[in-house]
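Q: Based on these hints, arrange chain P on the given structure of chain W.
Quick mapping for you: the protein sequence lines, in order, are chains W and P. First residue of the first sequence? That's 4 in this note's numbering, and the numbers climb one at a time after it. First residue of the second sequence? That's 1054 in this note's numbering, and the numbers climb one at a time after it.
Simulated from the structure, these hints should not be mistaken for lab results. Small disclaimer: the values here were computed from a predicted structure and weren't measured. Please note that the accuracy of each hint is not assured.
As the list claims (entries may be wrong) - The list that follows gives simulated cross-link-like pairs (lysine to any residue, SDA-like), each with its CA atoms no further than 20 Å apart:
{"no.": "1", "chain 1": "P", "residue 1": "1062", "chain 2": "W", "residue 2": "45"}
{"no.": "2", "chain 1": "P", "residue 1": "1088", "chain 2": "W", "residue 2": "50"}
{"no.": "3", "chain 1": "W", "residue 1": "43", "chain 2": "W", "residue 2": "65"}
{"no.": "4", "chain 1": "W", "residue 1": "43", "chain 2": "P", "residue 2": "1076"}
{"no.": "5", "chain 1": "P", "residue 1": "1062", "chain 2": "W", "residue 2": "323"}
{"no.": "6", "chain 1": "P", "residue 1": "1190", "chain 2": "P", "residue 2": "1103"}
{"no.": "7", "chain 1": "P", "residue 1": "1062", "chain 2": "W", "residue 2": "225"}
{"no.": "8", "chain 1": "P", "residue 1": "1062", "chain 2": "W", "residue 2": "50"}
{"no.": "9", "chain 1": "P", "residue 1": "1062", "chain 2": "W", "residue 2": "320"}
{"no.": "10", "chain 1": "P", "residue 1": "1088", "chain 2": "W", "residue 2": "54"}
{"no.": "11", "chain 1": "P", "residue 1": "1088", "chain 2": "W", "residue 2": "53"}
{"no.": "12", "chain 1": "W", "residue 1": "43", "chain 2": "P", "residue 2": "1068"}
{"no.": "13", "chain 1": "P", "residue 1": "1073", "chain 2": "W", "residue 2": "51"}
{"no.": "14", "chain 1": "P", "residue 1": "1062", "chain 2": "W", "residue 2": "322"}
{"no.": "15", "chain 1": "W", "residue 1": "43", "chain 2": "P", "residue 2": "1066"}
{"no.": "16", "chain 1": "P", "residue 1": "1062", "chain 2": "W", "residue 2": "311"}
{"no.": "17", "chain 1": "P", "residue 1": "1073", "chain 2": "W", "residue 2": "41"}
{"no.": "18", "chain 1": "P", "residue 1": "1190", "chain 2": "P", "residue 2": "1126"}
{"no.": "19", "chain 1": "P", "residue 1": "1073", "chain 2": "W", "residue 2": "49"}
Said to hold, decoys possible - Simulated restraints on C-beta separations:
{"no.": "20", "chain 1": "W", "residue 1": "66", "chain 2": "P", "residue 2": "1195", "range": "36 to 46 Å"}
{"no.": "21", "chain 1": "P", "residue 1": "1068", "chain 2": "W", "residue 2": "163", "range": "30 to 40 Å"}
{"no.": "22", "chain 1": "W", "residue 1": "292", "chain 2": "P", "residue 2": "1088", "range": "54 to 64 Å"}
{"no.": "23", "chain 1": "P", "residue 1": "1177", "chain 2": "W", "residue 2": "56", "range": "11 to 21 Å"}
{"no.": "24", "chain 1": "P", "residue 1": "1144", "chain 2": "W", "residue 2": "67", "range": "51 to 61 Å"}
{"no.": "25", "chain 1": "P", "residue 1": "1068", "chain 2": "W", "residue 2": "277", "range": "20 to 30 Å"}
Positions of the beta carbon are idealized from the N, C-alpha and C atoms, including for glycine.
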Amino acid sequence: MSAVLAVEVPYWGQSLLRVLGGLVAVLLPAGTIVYLFLFKMMSFMQSRLGPMEAGPYGSLQLVAEVGKWMQKEDLAPENADRTIFKMAPLVVLVSTFLLVAVIPFGPDAYFTNFAVGVFFGLAVSSISVLGILIAGWASANKYSLLGGLRAAGQLIAYELPLVLATLGVVIQAESMNFQEIVVAQNTGAIFGFEWLGNPFIFTQFIGFLIFMIAVQAELTQAPFDMPIAESELVSGYMTEYSGFRFLIFFIAEFATAGIFALIASLLFLGGWGVPFVWFDWNSLDDVSWWMNLVGPLIMLTKMLLLTFIIMWVRFSYPRFREDQLQTFAWKVLIPLSLANIGITAILKVAV
Amino acid sequence: MPKVPGLIKGLGVTLGTLGKTVTEGAATVQYPHEKEAPPVRARGVIALHEGNCTACMLCARSCPDWCIYIEGHKQLAPPRRAGGKPRQVNHLDRFDIDYALCMYCGICVEVCPFDALFWSPEYEYSEPRIADLLHDKDKLGEWMETVPEAPALEAGAQSK
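With the rest of the complex left out, here is chain W (with noise of 0.2 Å):
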């Protein structure tokens, strides 16, 4: 990242131009997602306008609830554990901060360029079941209780198909860092046809399938809203939270909505790459410099295709029965995922 602009910047610059980087990285897929699409687009699904008051459009509506949970009280119920309750937003917030870190956005413009980045991203997304676990815990309420066990069930029990359909990318491009599994989509080849390269979506279908599946179980988005589901649970973990401590839930939502959005496009749509094939590129030293202003475009342009199919699913299916939602997870994909490693590694060996 230091040499973006072919100046040398200093190692304070360095980290302060990654913090500044991370919060756009967080904020912006986030405040985009819930303008878009939770606003607007959910609107339009059920024939009306949605927020139309604020800016042109209800464009300014998101400054508007900011404001709104910010000047709101901190509220903490009596019997509450006070330190971990507060701290509970903040966990899963970190969870999404740390998930970004991996995450390139092109040749250069990355935060940092982990040998095993899969392996951390994967890692690292489970903290914030700690979060929400502790959360429904501290509040010393039943409701809150319940929802936070059935979020851990869940999101223990999703993270598996989850893990185990990145693997087939992972056989696939022989790398688990991000950079070397986009080069390999983009240099590739799909039965010698080099054009478009070889996004991993076509060979690995069945893995993306499962992999949208288990991250909208991951982001407790509906049909996988157990968790707070609000005509069994009130609102689940978050029930007794108010304010801003509610507001960090609410972004880590989504925020990390366009995160995982992110890391699929990454792992099967190509990432920030065009197809080599198209400027004579054969390896990522080839790229050109400018690709660290189109990459980061062409990222957010798919992020928002596969968040509008996250929400399209959210918005119209009804809600899962938890025994039905546990019995998805185990018997059926993790049984096909299982399946798709052992034909792709097959695959891999013999052709």
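A: Using the frame of chain W, we list chain P on its own:
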């Protein structure tokens, strides 16, 4: 997998509604900017035709939540025919409806034997102070202007 077509159909419904809202507009109305026209026979507010009221109290007695207040006194009116005895009539002093209490059941309109009460579709009369929702007979009389024309009588019906 018999369930898959239903799942895809569900996605189609929401996407179809999205497209329809974008092209044809929403089913909702942006209320303070454009006013929704209620149906002609909507129960918005009750209007009083004071000349027809005889202060018979039927409406006040039939009101389930006692939101109608009527006061009147007897007085003498000139005779109908020359040389006759002066008639005794009820004069209406006060006729109030408390819309903070009214539940819009319409029994008073139904029960009135002299066609003094009417439904009007007007609905914008909320007040910052709850006491202002007590409409007196002058205000109830003003609502008469908003009462729609009565529907035409059926063929063969008798009219006075």
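Q: Decide, hint by hint, whether the structure agrees.
A: Against the structure, the hints:
Among the hinted pairs, residue 1062(P) with residue 45(W) is consistent with the structure: their alpha-carbon atoms are about 17 Å apart, no more than 20 Å. Under the criterion of a C-alpha separation no larger than 20 Å, the hint pairing residue 1088(P) with residue 50(W) is consistent with the structure, at around 18 Å. Our distance criterion of 20 Å between C-alpha atoms is met by residue 43(W) and residue 65(W), whose separation comes to about 12 Å. Restraint check for residue 43(W) and residue 1076(P): satisfied, since their Cα atoms lie roughly 14 Å apart, inside the 20 Å limit.
A distance of roughly 18 Å separates the Cα atoms of residue 1062(P) and residue 323(W); the hinted pair therefore holds under the 20 Å criterion. This hinted pair checks out: residue 1190(P) and residue 1103(P) have alpha carbons roughly 8 Å apart, not beyond 20 Å. As the CA atoms of residue 1062(P) and residue 225(W) are separated by approximately 17 Å, the hinted pair is consistent with the 20 Å bound. Note on residue 1062(P) and residue 50(W): the hinted pairing holds, with a Cα-Cα distance of about 18 Å set against a maximum of 20 Å.
Using a Cα cut-off of 20 Å, the hinted pair residue 1062(P) and residue 320(W) holds, with the two alpha carbons roughly 11 Å apart. In summary, the hint linking residue 1088(P) to residue 54(W) is supported, as the alpha carbons are separated by about 18 Å, within the 20 Å threshold. Between residue 1088(P) and residue 53(W), the direct Cα distance comes to roughly 18 Å. Compliance with the 20 Å bound is thereby established for this hinted pair. Only pairs whose Cα atoms come within 20 Å are accepted, and residue 43(W) paired with residue 1068(P) is accepted, the gap being roughly 13 Å.
This hinted pair checks out: residue 1073(P) and residue 51(W) have alpha carbons roughly 11 Å apart, not beyond 20 Å. Distance check on the hinted pair: residue 1062(P) and residue 322(W) sit about 17 Å apart at the alpha-carbon level, within 20 Å; holds. Of the supplied pair hints, the one linking residue 43(W) and residue 1066(P) holds, its CA atoms being roughly 17 Å apart against a limit of 20 Å. Our distance criterion of 20 Å between C-alpha atoms is met by residue 1062(P) and residue 311(W), whose separation comes to about 17 Å.
Restraint check for residue 1073(P) and residue 41(W): satisfied, since their Cα atoms lie roughly 18 Å apart, inside the 20 Å limit. At most 20 Å may separate the alpha-carbon atoms for a hinted pair to count; residue 1190(P) and residue 1126(P) meet this at roughly 16 Å. For the suggested pair residue 1073(P) and residue 49(W), the alpha carbons sit about 10 Å apart, so the restraint of at most 20 Å is met. The hint said 36 to 46 Å for the Cβ distance between residue 66(W) and residue 1195(P), and at roughly 43 Å that hint holds.
Judged by the Cβ atoms, the range 30 to 40 Å given for residue 1068(P) and residue 163(W) holds: they are separated by roughly 31 Å. Our hint of 54 to 64 Å for residue 292(W) and residue 1088(P) holds, since their Cβ atoms are close to 58 Å apart. Taking the beta carbon of each, residue 1177(P) and residue 56(W) are about 19 Å apart, inside 11 to 21 Å as hinted. In this structure the supplied range 51 to 61 Å holds for residue 1144(P) paired with residue 67(W), their Cβ-Cβ distance being about 56 Å.
Against the hinted window of 20 to 30 Å, the Cβ-Cβ separation of residue 1068(P) and residue 277(W) comes to about 28 Å, which satisfies the hint.
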